[in-house]
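Trainee: Given next are the chains, with one letter for each unit.
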Amino acid sequence: METSFVAIAYFVYLPVVIALTWYVARTLFKNGKIFMVDIFHGRVEIATCTNKLFELGFYLLNVGFALLIMEISRGISDQQELMEVLSKKLGGYSIYLGLMLFFNMMLFFRGKKASKKREQDQLKMEWMKTQIPPPIK
Amino acid sequence: MNLIGYIIFLAVAYLITVHVGLVFFRKGRVYILFLMKGDVDYSDAINRLLLICYYLVNLGYAAVMVSFWNEITTLAELVSSITTMLGRLVITLAILHYCNMFAIYLLSVRHKKTLKQ
Numbered sequence: 001m002e003t004s005f006v007a008i009a010y011f012v013y014l015p016v017v018i019a020l021t022w023y024v025a026r027t028l029f030k031n032g033k034i035f036m037v038d039i040f041h042g043r044v045e046i047a048t049c050t051n052k053l054f055e056l057g058f059y060l061l062n063v064g065f066a067l068l069i070m071e072i073s074r075g076i077s078d079q080q081e082l083m084e085v086l087s088k089k090l091g092g093y094s095i096y097l098g099l100m101l102f103f104n105m106m107l108f109f110r111g112k113k114a115s116k117k118r119e120q121d122q123l124k125m126e127w128m129k130t131q132i133p134p135p136i137k
Numbered sequence: 001m002n003l004i005g006y007i008i009f010l011a012v013a014y015l016i017t018v019h020v021g022l023v024f025f026r027k028g029r030v031y032i033l034f035l036m037k038g039d040v041d042y043s044d045a046i047n048r049l050l051l052i053c054y055y056l057v058n059l060g061y062a063a064v065m066v067s068f069w070n071e072i073t074t075l076a077e078l079v080s081s082i083t084t085m086l087g088r089l090v091i092t093l094a095i096l097h098y099c100n101m102f103a104i105y106l107l108s109v110r111h112k113k114t115l116k117q
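Keeping their order, the protein sequence lines are chains W and G.
1 is the number of the first residue of the first sequence in the numbering used here; add one for each residue after it.
1 is the number of the first residue of the second sequence in the numbering used here; add one for each residue after it.
Excised from the complex, chain W in its bound form (with noise of 0.2 angstroms):
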């Protein structure tokens, strides 16, 4: 029978880790959306594209570390076992999805920011050729 608990606890974590990338991703790339345009000054085009890439690259990577750490490699013998293991290995990857949402807002704020510096430093030169004498001849 300890065969059968292990499989009971892996297909109750695939459906349950994939839903859960699903929703964070969703959520993350539905709002980053506005951030990609402001960091690309309003082309709308490229904002919405490396948008989409970075959504893939989210899901791949988060889906690719669920399925490579989804293994238990010890037996499972009754059904308070198979509750620890499995809340263990969910809880374990509901806290680094939730360090990769982190990272990837720090990633959009940072860009936000890099591009608003960006901005005010053209309209700073702007202002300074405005400002700036000509030369004495």
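Non-contacting residues of chain W with respect to chain G, defined by C-beta distances greater than 10 angstroms in every case (computed):
| id | residue |
| --- | --- |
| 1 | Pro-15 |
| 2 | Leu-20 |
| 3 | Val-24 |
| 4 | Leu-28 |
| 5 | Phe-35 |
| 6 | Asp-38 |
| 7 | Glu-81 |
| 8 | Val-85 |
| 9 | Lys-88 |
| 10 | Gly-91 |
| 11 | Tyr-93 |
| 12 | Leu-99 |
| 13 | Asn-104 |
| 14 | Lys-112 |
| 15 | Lys-113 |
| 16 | Met-128 |
Derived, one-sided and incomplete: chain G residues facing chain W with beta-carbon distance under 8 angstroms:
| id | residue |
| --- | --- |
| 17 | Val-23 |
| 18 | Ala-76 |
| 19 | Val-79 |
| 20 | Ser-80 |
| 21 | Thr-83 |
| 22 | Thr-84 |
| 23 | Gly-87 |
| 24 | Val-90 |
| 25 | Ala-94 |
Simulated pairs of lysine to any residue, SDA-like, Cα-Cα distance not exceeding 20 angstroms:
| id | chain 1 | residue 1 | chain 2 | residue 2 |
| --- | --- | --- | --- | --- |
| 26 | W | Lys-116 | G | Val-109 |
| 27 | W | Lys-52 | G | Leu-50 |
| 28 | W | Lys-117 | W | Met-105 |
| 29 | G | Lys-113 | W | Ser-115 |
| 30 | G | Lys-113 | G | Leu-33 |
| 31 | G | Lys-116 | W | Leu-123 |
| 32 | W | Lys-52 | G | Tyr-98 |
| 33 | W | Lys-89 | W | Met-100 |
| 34 | G | Lys-112 | G | Met-36 |
| 35 | G | Lys-37 | W | Ile-46 |
| 36 | W | Lys-33 | W | Ser-115 |
| 37 | W | Lys-113 | G | Tyr-105 |
| 38 | G | Lys-27 | W | Glu-55 |
| 39 | G | Lys-37 | W | Phe-40 |
| 40 | G | Lys-37 | G | Thr-114 |
No lab work stands behind these hints, which were simulated from the structure alone.
Every residue gets a Cβ at the ideal spot worked out from N, C-alpha and C, and that includes glycine.
Chain W is already provided as a structure; the job is to place chain G on it using the hints.
Mentor: Using the frame of chain W, we list chain G on its own:
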């Protein structure tokens, strides 16, 4: 049991690879157009070649993985070995993808520098 594992693994790997490749193909066109200064014929050709290269690398990697497979005897082993292998494949894909994005970023930085000069 091993044969079932191979069939499921190859089918899922093929689906993931082709889907991801098509998304890259469609979305990556904008970048190549941007870097090639709007030369449509040239950038489409490059894009198609890149897609073919990508398929070759990934499907080849998936096919090679089949030869390093352990003996499968139970259902749990079947599921776990398929997912571990798929996980490895997908993580490799993700790393390649991030490297590519970084390369595009570097190229665009250089592109901007040459534009300024």
